[in-house]
Amino acid sequence: MARFVWYVTKRILSYIVMIFVATSLTFFLASSFMNPRSNFEQRTPRPPQESIEENLYRTNLNDKTPVIERYQVWVTNLFTKFDLGMTPTGDNVNREMSSKFMASIELMTPATILSVVIGVSLGVYTAQRQYQWQDRFLSGVASVLLVIPTVVMAILIVFAAIEINARAGSRIFYVTDLSSGDTGNFFTWLIDFLQHIILPTIVLTIVSSVGYHLSQRTYLLDEMHADYVRTARAKGLTRKKAIRKHALRVSLIPTAVSVAFSLAGIFTGAVMTEKVFAIHGLGEYFINCINNNNIHGAVAVAAFSGAMTLVGALLADLFAAALDPRIKMS
Amino acid sequence: MSDTTTTSTKQGSVEMDDVLRYELLESNGPKGAPTGDPVLSVRNLKVSFNTEAGRVDAVRGVNFDLWGGRTLGIVGESGSGKSVTALSLIGLLDDNAHVTGSIKLGNEELIGKTDEEMSELRGTKISMIFQDPLSALTPMFSIGDQLAEALLTHNPHMSRSDVRKRCIELLSIVGITDPENRLDSFPHEFSGGMRQRVVIAIAIANNPDIIIADEPTTALDVTIQAQILDVLKVAQKETGAAVVLITHDLGVVAGTADDIMVMYAGRGVERASVDTLFAEPRHPYTMGLLGAVPKPHLQAEHRLVPIKGNPPSLAAIPTGCPFNPRCPMATEECSKKEPVLLPANAAEGHLASCHHLQEICEKNLTYAEVYPDFEPILPKWVDVPRNERPVVLKVENLTKTFPVQGKGFIRRSKGTMTAVDRASFEIHEGETLALVGESGSGKSTTLMQIMDLLKPEDGRITVLGKDVAELKNAAQRRELRKDLQVIFQDPMSSLDPRMPVYDVLAEPLQAQGWNKEDINTRIGELMRLVGINPDYVDRFPSQFSGGQRQRIAIARALATSPKILLLDEPIASLDVSIQAGIINLLEDLQVQLKISYLFVAHDLAVIRHISDTVAVMHLGKIVEYGETEDVFTNPQDPYTKALLSAIPIPDPKIERTRERMIYQDGKLVPATHISNE
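So the protein sequences, as listed, match chains A and B. For the first sequence, the numbering used here assigns the number 1 to the initial residue and increments by one for each residue that follows. For the second sequence, the numbering used here assigns the number 331 to the initial residue and increments by one for each residue that follows.
In short, the hints are calculated from the structure, not lab data.
Okay, the calculated bits of chain A under chain B, using three or more residues with CB under 8 Å as the criterion:
(1) 230-236
(2) 246-258
(3) 314-326
Restraint ranges, calculated between C-beta atoms of paired labels, are given here:
(4) A:68 to B:796: 57 to 65 Å
(5) B:784 to A:218: 39 to 47 Å
(6) B:667 to A:131: 37 to 45 Å
(7) A:129 to B:447: 17 to 25 Å
(8) A:261 to B:804: 42 to 50 Å
(9) B:443 to A:194: 49 to 57 Å
(10) A:132 to B:870: 31 to 39 Å
(11) B:732 to A:218: 33 to 41 Å
(12) A:110 to B:488: 39 to 47 Å
Each residue gets a CB set at the ideal place from its N, CA and C atoms; glycine is no exception.
If we strip away everything but chain B, and leave its shape as in the complex, we get:
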């Protein structure tokens, strides 16, 4: 935008350009408009990489400013350039990155600085929190050593006792109990959430002016995510730093950010205060993102409308507006010229880059009008009501324990760990039961137990009226397995990369002894069923996008016409804009084929949208089991209440006012009572 009309005036010490002028108007958030001089100014930032596939333009002209105490949320899908933007601020890009533009920290230009020069600023002025806390800490050094290193790198003369004092102080700021004794612990002795707290402690050790958080909670469970976001707020209060929060999850920014920039294909496509963006999104992509996500706090009123297509590959960005191949409003103009950020509401500093911006603003177009193909929720129970349908899967008192082994030559058993503790549930034909829980709750183990089709340790599994304990041999088991298929989380790794789609789909059929002709017809059917061109059967999985790969995985599972599908986090690894398409597909298939789903997921919004009944698992036990709407609107168990209160809701107003509850030793405690002072 600044390259079209630059009217520079001076205000204070900062050059006043259009970017800054509009940003200063962004007042529709919890903190009002920013005041004073920005701590960091990014102008026309461009990053490209030379790769084997040619030049990749990861960031193509990004502008923003940061103010102390404010949080800028950068939202985008994979390949939007959000992480590359973050890494370029702190100078941690790979050597093959080519960075141009300007990043000014106060009056200091950061682009062009050497690694040595940047290392002076890293930690003291700018620090960073990374996505995966499990790998972000060096396994060989104690927590205390790693914290001390952050201090000593910049203050080499600090005395040992001062370092220790400061480390203890830092750990207590981020809410680690008993910090004195925790200093000598090693990272592997900490859980993921605790490690992320340590990473945050390291980031704030030298009171930085800017904290960059790159998907800080993506790898964490929902209740831990809520805690980490709280810790981040504490850290910001403690340091007065500007925070850049990078995420794909609109719920996360709703409660945390003051200003939001939505990125697509390496550029900011919309920028506004948080309340404005959620209330009046003006870019069709932002509308699509907000609309395509199921709402955890509302009952579904219509089917999800996915954004068609896939996020563009950065090596081949479409000409014109990069969103035009996916945009429902796209016209000829859109494919010719790339739009620039223009004011949608100049008074509020709301900017969007769309050729149809004027039309959208004048008519006040909303998601429902831009993406008009709203369909009612499919009538699942029309022909046969739910109660009259047979029970296809019944699990009674399922128990699974694992021996806890000692180490050494002779591995003696040191007792047992109960992974699944007397779990019971049943699924009718054409029904979806969601198994919800955090990592370690035993939901995946339950799934594996059912899939094994073996007599469980204790309890009973009945599949289609057959008790699996009474299956006598592998042949009977194989026969039953035809009716019971599974879909895994990551379509990238669950499909053999060296098998063309044809072989992937033919394999289950060959295992059931089909002849070649039948297999060929069936594969054609399957490809059409999941919405992939049947001509693509000779392609390899790597030639498909993530969403298409998951469709292939679904087709593979459907090959033998199963009655029951076990789905283990089937959409967790997909981009937000793709998820809706897969959810719709699963719904369609259920109505068409009357399949039952056992759906394991941690995303409660998706579960509310897709499931009929919910079983909430905690430490191996099913703590709550009931109709989805009942469980979501009127949860009984304290753990369920805590879980539901931790879901980030993509609506800043609700997110700011509601109280979060924490589950502690069987009781509910408001989160504010265990704040990290």
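Next comes chain A alone, as it looks inside the complex:
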């Protein structure tokens, strides 16, 4: 156990170093490509020059300051106050991010759970009925859905929802944001939330469950014909039981690994879906940061996504080690 803890600690420490290096590189990259000065220069009426310089200087975004000095300030604030910096408008990135963060979690959690459950179940169901009509139909549908881009799918679903609303004569589905703002008691809040969340959840669930479905089907098919399943049947298990107990277990290892990565993805949001449904989560924020020359915001989102990816990688290894006795964590 001690060795295990030490191993995980070692991994985390090396990850922190990796993230720091990657984030610093992102900082320099963003600083050289983004130009917050233009935000001010393009305003009409154009603010006075001193005011522009003053604003840029205050937010540590002034390109007249050497980039290495700006980096120093940024790093110092990051380590001493965990301050991620300011946006060109003078807002605090920490504060902006934490509000977006919750929206992303609200959006991603149900979709991730649903897509794993639905995708894996469909994969197992179709694998057991390989080449029967259920398999051909469901796997065919999955292949079609797989090639539809997220944006197209989101827009199609929005159209369908608007059509349903029009037919029903009342607004059943909301196609933007996660709430209508004014909430009465918990019950009305919940109804309102569900009306908002259902469409983006459908989009995200379809998009990622298709992947789980097809990969789980392949994994299980690979294992179903393994010799050890035959051994299990020779013991007296029925074919279905042998597959459920033996093949399924082995085939879940690679799935668990990809689930680990998507668990980390819950926190980073979904760029396209958030944009289409105007959900103010981290994904949308990232795009907005780039559009608005928000260097510190973009770097913060990139760093956070990187951290989450590494958390996913660590989780993936832990999952695999927990499921597979052949893997040792030390």
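Add chain B to chain A, keeping to what the hints say.
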């Protein structure tokens, strides 16, 4: 046979038909004739599959009975239908199998039962041991869990402590030491032999009436094979079960089986008690099988006589007797009508299906008369005696170690593992040196070291008088590589499936910078040399049989006229009846071209036949090195003695009487002393 003359009488509760009547006469084995009612009766079993290539008839009318405590050996080559027969008994065939006939367990008909119904019988009445122990156990579950599952599936109310007790008991029956602590181990922590023991423990967990062992030792080393066969005997004694032992190796059945059925193209072609079959084989195929295999216990007196042709594809079984295209006795009648099993010796229940059975029996024809083309062993040393020939390959104190690495980000070295430990040997021109050893002994590593033509870690490799450590660049190495070629075990995977034979053969020549015209002539030469029609150069490897593919691989190796061939298990993946042809080819080539062979193999019988000198490797060291005949007749090292005593000999009388020795910590111990009580 039963469909021609069925004279049914009643004896006990079993219907007495011809099949059973003759089987009851099979007395010429260690246990005498079977008595009592059979536990399982198979009649006219037929299995066919619908495949993309059309209907494949894998089993075409098989009859046999099993008695508790007796072992039926089913012998056949790939495609003979032996494994399909086994799987149909236990109901584990694929869904696309179409099974007809009758399989009766006592009075219960098994054909037509659903998977659920069969699952009640699997494990309790019929159980099975599979070929590859490495993949037969679920990697995620502990040994104890997998054993317990076998018990709990059929006895769901068994208490945990009873299950545990029984598991420990089972593991000790199959000879796993310290069973209490082994229950929590996972399959990957066990060696192949130990895993096969666990599979056997699972098979006998519920005291089955029938144990089917499908090539249980094919994937194992020879000493482990001997141990597993012993464990199988213990398991049979423990359960009193009838055993069906399926194998292609006649040596394995000689010491284990009571009755033998030889299968060919989905049918039994000969059936007899074990001693009868080995002493008086009556079917030309059985004779061929027995004769084509080199004998590990005898010095070769003549060249091997291969059975010509290949085992038939089940999708295209020849009309008439399926063996007729390969049979030296075949006449016109043979290609018209398929013969049925008829008594060769009615008193002993010896049956064979051959149109010439009468002739064979009357004249008492033997292998030597049926396959008359015996040739004397080729005189290898006529023109220049062996001692006067130059040494072409000399290996001195060759050492190779591998670092044992830790896992994780930074792979720290945790010490070294010595794969080859100061190995020395030399090969003269036109000589064959066999490197013998079990898996992990370092023989393949030695081969790879020589093939690399790089300065070894320690020691010296001299190829054709050149020390490889003094080769300065890739060009010199390439020049030398022309004289040093290698042939691998599996011709299926060592030839690029997308390259026609022409390209396969042209590649080494192009690498040596030959021009197109020379390449074309050379390819024609090569094809004739290895006995393949030169017109086939535009075919792909998949269009050839296993034996032909290995011939192509040999032609590929010979393309640059090498002086030395390194052969890594060149015949291990071939069918028994094909092996002899390849061995003969290698012998011919050696005499014609004066090539030297470094022959790596685990089949000691083949080695005795083909090699001049032998080096026995154990744990990286060469423990014995000498003239082949000396090593085989008078082995000095205890490990060599143990190895030789483990080879199954295709002669039941010898096999039953000789004592097997086991090598333990540098000493020899008779196998009976470490029996699994």
